[in-house]
Amino acid sequence: MVFLPDESRSLPPPPLVNKGSVWLGLTGWIAALLDNGFNHRPIIRAGVHRQILFTTVGWFVGYYLAKRTEYVHAKVDRELFEYVRQHPEDFKAAEKKRIGELLEDFHPIR
Amino acid sequence: MAAALRAARGLRLAAGPPSLAFTRSAFVAKRRNHDQPNWFGVGLAFSTSAALWALLFKQHNEDVMEYERRKEERQHKCTGCS
Chain Z
1 MVFLPDESRS LPPPPLVNKG SVWLGLTGWI AALLDNGFNH RPIIRAGVHR
51 QILFTTVGWF VGYYLAKRTE YVHAKVDREL FEYVRQHPED FKAAEKKRIG
101 ELLEDFHPIR
Chain E
111 MAAALRAARG LRLAAGPPSL AFTRSAFVAK RRNHDQPNWF GVGLAFSTSA
161 ALWALLFKQH NEDVMEYERR KEERQHKCTG CS
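As you go down the protein sequences, you meet chains Z and E in turn. Oh and the first sequence: position 48 is 48 in our numbering, straight run, nothing missing. In our numbering, each residue's number is its place in the second sequence (first place is 1) plus 110.
If we strip away everything but chain Z, and leave its shape as in the complex, we get:
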């Protein structure tokens, strides 16, 4: 299975700052901080080059994952709308009822 088929390029690409990138970048940074912690180094002040590298790798992977996510969602939507278009009898809009038909007759008791 191809990770990103050619037709995925017809979709608008995700922005550079997207949910996948931010989240995975954050996990990369936390991983670097954890590595500092496990090796008895100062948590945020040590290994800045490592923090930057891990965050970058997460951001990079997140971008491609976001692209694949958008493609999969778009494909499912396309198939759904195609099915709805080919079976209109199953998706008739409900007829609007007039308020007079909904209410019971009014018999005043005087």
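No lab work stands behind these hints: they were computed from the structure. Any given hint could turn out to be false.
[What the hints assert, rightly or not] Simulated pairs of lysine to aspartate or glutamate, EDC-like, Cα-Cα distance not exceeding 16 angstroms:
1. Lys75/Z - Glu7/Z
2. Lys75/Z - Asp6/Z
3. Lys19/Z - Glu70/Z
4. Lys181/E - Glu7/Z
5. Lys181/E - Asp6/Z
Here the structure is a predicted model, which is why all the values come from computation and not from measurement.
Given the coordinates of chain Z, work out where chain E should sit on it, guided by the hints.
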């Protein structure tokens, strides 16, 4: 028996670096010294990060160009050349 054990312990305590008589290991462990930064590692990490960011920016720009190009193509196909 006890005398032989005491002699062996004495020999082991007196020995400095591993001698061929007792060990034949190929591996020697060095105590790591963290006084100097690992400049090679630091340079590698920074250059890899820079390369990845450059690659990401390039890929994103290519994606945007390709999307715009395909949009134009679709417009041309659907509306004909208007």
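Results of checking the hints against the structure:
Distance restraint check for Lys75/Z and Glu7/Z: the Cα-Cα separation of roughly 10 angstroms lies within the 16 angstroms cut-off, and the hinted pair is therefore satisfied. Straight-line distance between C-alpha atoms of Lys75/Z and Asp6/Z comes to about 13 angstroms, which keeps the hinted pair within the 16 angstroms bound. Annotation: proposed proximity of Lys19/Z to Glu70/Z holds, straight-line Cα distance about 12 angstroms (limit 16 angstroms). Annotation: proposed proximity of Lys181/E to Glu7/Z holds, straight-line Cα distance about 12 angstroms (limit 16 angstroms).
Simply put, Lys181/E and Asp6/Z have alpha-carbon atoms about 14 angstroms apart, close enough for the 16 angstroms limit, and the pair holds.
The structure agrees with every numbered hint stated previously.
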